[in-house]
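Asker: Protein chains in written order, with our numbering: chain A, 11 to 283; chain B, 561 to 822.
No lab work stands behind these hints: they were computed from the structure. Being a predicted model, the structure only gives us computed values, none of them experimental. Be careful, since some hints might not be right.
DSS-like cross-link-like pairs, simulated, lysine-lysine; straight-line CA separation at most 25 Å [to be verified]: (1) B:LYS566 - A:LYS145; (2) A:LYS178 - B:LYS593; (3) A:LYS17 - B:LYS783; (4) B:LYS711 - A:LYS17; (5) B:LYS593 - B:LYS788; (6) B:LYS684 - A:LYS46; (7) A:LYS178 - B:LYS567; (8) A:LYS232 - B:LYS597; (9) B:LYS597 - A:LYS145; (10) B:LYS783 - B:LYS604; (11) A:LYS17 - B:LYS684; (12) B:LYS604 - A:LYS175; (13) A:LYS175 - B:LYS597.
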Amino acid sequence: MKNKFVKWLSLPYAVWSIAFIIIPLLMVFYFGFTDKTGKPTLANIMSISLPVHFKSLLIALLLSLISTIICLLLSYPLAMILSSMNKDNNKLMILIFVLPMWMNFLLRTLAWQTLLENEGVINTILRSLHLPALKIINTPYAIVFGMIYNFLPFMVLPIYNVLCKIDKNLLNAARDLGANEVQTFFKVTLPLSVPGIISGITMVFVPALTTFVISDLLGGSKILLIGNVIEQEFTLNSNWNLGSGLSIVLMLFIVISMIITAVFDKDGEGSAL
Amino acid sequence: MANVLKKIYIALIFIFLYAPMAVLIVLSFNSSKSRSKWGGFTFKWYAKLLSDSSIMEALITTLSLALLSALIATFIGTIAAIAMTGMKKSTRTLMMGITNIPMLNAEIVTGISLMLLFIFFNVKFGFTTILLAHISFNIPYVILSVLPRIKQLNPSAYEAAMDLGASPFKAFFKVVFPDILPGVFSGMLMAFTMSIDDFIITHFTKGAGVDTLSTKIYSQVRKGIDPKMYALSSVIFITVLALLILINLLPGSGKKTKKEKH
Chain A
11 MKNKFVKWLS LPYAVWSIAF IIIPLLMVFY FGFTDKTGKP TLANIMSISL
61 PVHFKSLLIA LLLSLISTII CLLLSYPLAM ILSSMNKDNN KLMILIFVLP
111 MWMNFLLRTL AWQTLLENEG VINTILRSLH LPALKIINTP YAIVFGMIYN
161 FLPFMVLPIY NVLCKIDKNL LNAARDLGAN EVQTFFKVTL PLSVPGIISG
211 ITMVFVPALT TFVISDLLGG SKILLIGNVI EQEFTLNSNW NLGSGLSIVL
261 MLFIVISMII TAVFDKDGEG SAL
Chain B
561 MANVLKKIYI ALIFIFLYAP MAVLIVLSFN SSKSRSKWGG FTFKWYAKLL
611 SDSSIMEALI TTLSLALLSA LIATFIGTIA AIAMTGMKKS TRTLMMGITN
661 IPMLNAEIVT GISLMLLFIF FNVKFGFTTI LLAHISFNIP YVILSVLPRI
711 KQLNPSAYEA AMDLGASPFK AFFKVVFPDI LPGVFSGMLM AFTMSIDDFI
761 ITHFTKGAGV DTLSTKIYSQ VRKGIDPKMY ALSSVIFITV LALLILINLL
811 PGSGKKTKKE KH
């Protein structure tokens with residue numbers, strides 16, 4: 011389809027992406043590097059070193075790292091089980107991962123309050139079994155819980171996709187050559203699934219690092235993540251310059267994780283779609 | 561033994577993913593307004609749902625945003641994906657790079673960047689600004705779902721149609737389009753779902769007076785969620801679940817799903 015007309019079909023998208031992707035990002039940089047009067051300044055960026063901002067960044071990094079690691083540990087076995095199953099079953103499985111999106115994400119997260127509360131469903135069950143109750147609502151643990159709950163499918167799908175693509179003959183060959191199941195896993199399956207793992211890590215880490223909703227709903231609004239600070243600068247304080255400055259700092263971490271993904275996943279094998 | 565363990569593991573993950581859904585459905589029948597107290601069984605929230613004009617308005621806004629943004633994004637995204645295959649490699653890489661920005665960037669950054677754009681150009685916040693934002697984050701889903709289908713096309717089929725006297729348009733609609741249609745549909749469905757479930761980007765691009773279901777729920781978090789919201793989301797969830805089961809059980813659907821898998 012290499013005729014001249016076909017090339018022009020990309021024009022609407024080219025215009026659209028300049029207007030609604032590129033220019034908005036430039037706006038963030040413009041506002042981030044200027045003050046309210048429009049004079050250039052570095053103050054917005056440097057304000058990350060203020061204890062209150064710096065602390066929120068550190069907590070966000072810590073909580074998102076913990077939830078990314080737990081997501082990976084939970085997802086890998088699941089993806090392995092799913093990929094070893096019969097194909098038609100898989101289709102249904104994947105649909106079931108998309109289905110939760112049809113129940114509002116805020117309500118789903120709020121439902122965890124009902125489950126995790128001190129007098130909530132889980133603790134009632136634990137008490138009836140004479141087990142110690144969990145006191146995690148409105149603590150960082152609840153936020154980690156919410157992150158794992160919301161972003162787990164983003165880890166499962168890319169790993170599942172790469173595992174499905176692994177040629178079964180490679181595994182058989184490894185077994186024929188005398189490797190046991192553990193050796194086959196560490197020498198063949200795991201190295202081949204690295205693109206999926208890396209892609210999953212980015213897809214969980216970025217939304218977890220930047221969330222303000224989960225911390226708002228499950229952290230009892232006592233724990234501020236960097237996302238909460240930025241959100242408040244925009245919606246409560248209308249300080250767009252400061253909010254943009256902090257977003258630029260945040261984007262630095264996003265870009266780092268994107269570069270890592272690009273290095274490990276050159277062919278886009280691990281992409282979720 | 562290993563098989564039993566596998567099944568238990570899958571079951572545990574499912575309980576983890578679906579426990580909140582069960583909670584919300586139970587809450588929709590709870591006559592107490594509190595999230596943590598059971599006040600007896602009731603249908604009243606369902607009965608009152610249709611007469612609550614502010615919730616119905618938010619529902620209509622949500623659905624029209626999802627429908628419009630999915631349709632427009634599907635149109636722009638599909639023709640862009642078709643054009644991309646005819647491009648020089650460097651141009652295509654650049655366009656794919658730009659397409660990946662909203663997919664990989666944090667939603668909060670996408671949201672505030674669009675908010676700043678509208679502030680800078682003095683655009684009035686309202687339905688249109690949300691729609692523009694939703695189209696923007698939906699286009700990449702369409703492109704990424706159509707592009708693989710186009711790559712699998714046999715270019716000779718299109719050329720053969722032209723050799724046999726079909727005009728480029730006719731050749732496209734008779735030969736190329738039917739083959740990429742499953743990709744177009746799944747992209748549109750993905751876009752629709754993403755738009756329905758979005759909160760963060762809508763939060764930053766909406767104006768006063770316009771609410772989607774998500775932003776309405778968020779505004780109720782502090783003062784307590786209106787139980788009619790649980791009723792509404794249970795209805796939506798059960799409807800989609802029923803549709804999914806129906807599609808998967810329908811005779812002949814097996815063939816279609818196999819075709820999509822290539």
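Asker: Compare the structure with each hint and give your call.
Answerer: Each hint, compared with the structure:
1. For the suggested pair LYS566 of chain B and LYS145 of chain A, the alpha carbons sit about 30 Å apart, so the restraint of at most 25 Å is broken.
2. About 54 Å separates the Cα atoms of LYS178 of chain A and LYS593 of chain B, which puts this hinted pair outside 25 Å; it is violated.
3. For the hint linking LYS17 of chain A to LYS783 of chain B, the alpha-carbon distance of about 53 Å lies beyond 25 Å, and the restraint is violated.
4. At roughly 16 Å between alpha-carbon atoms, LYS711 of chain B and LYS17 of chain A fall within 25 Å of each other, so this suggested pair holds.
5. Of the pairs offered as hints, the one joining LYS593 of chain B and LYS788 of chain B holds, with about 10 Å between alpha carbons and a cut-off of 25 Å not exceeded.
6. Restraint check for LYS684 of chain B and LYS46 of chain A: the C-alpha separation of about 21 Å stays at or below 25 Å, so the hint holds.
7. With a C-alpha separation of about 22 Å, the suggested pairing of LYS178 of chain A with LYS567 of chain B holds against the 25 Å cut-off.
8. Only pairs whose Cα atoms come within 25 Å are accepted, and LYS232 of chain A paired with LYS597 of chain B is accepted, the gap being roughly 24 Å.
9. In summary, the hint linking LYS597 of chain B to LYS145 of chain A is supported, as the alpha carbons are separated by about 18 Å, within the 25 Å threshold.
10. Of the pairs offered as hints, the one joining LYS783 of chain B and LYS604 of chain B holds, with about 20 Å between alpha carbons and a cut-off of 25 Å not exceeded.
11. Pair hint LYS17 of chain A plus LYS684 of chain B does not hold up; C-alpha atoms about 34 Å apart against a cutoff of 25 Å.
12. A distance of roughly 50 Å separates the Cα atoms of LYS604 of chain B and LYS175 of chain A; the hinted pair therefore is violated under the 25 Å criterion.
13. With a C-alpha separation of about 48 Å, the suggested pair LYS175 of chain A and LYS597 of chain B falls outside the 25 Å cut-off, and the hint is violated.
When held up to the earlier numbered hints, the structure conflicts with 1, 2, 3, 11, 12 and 13 and fits the remainder.
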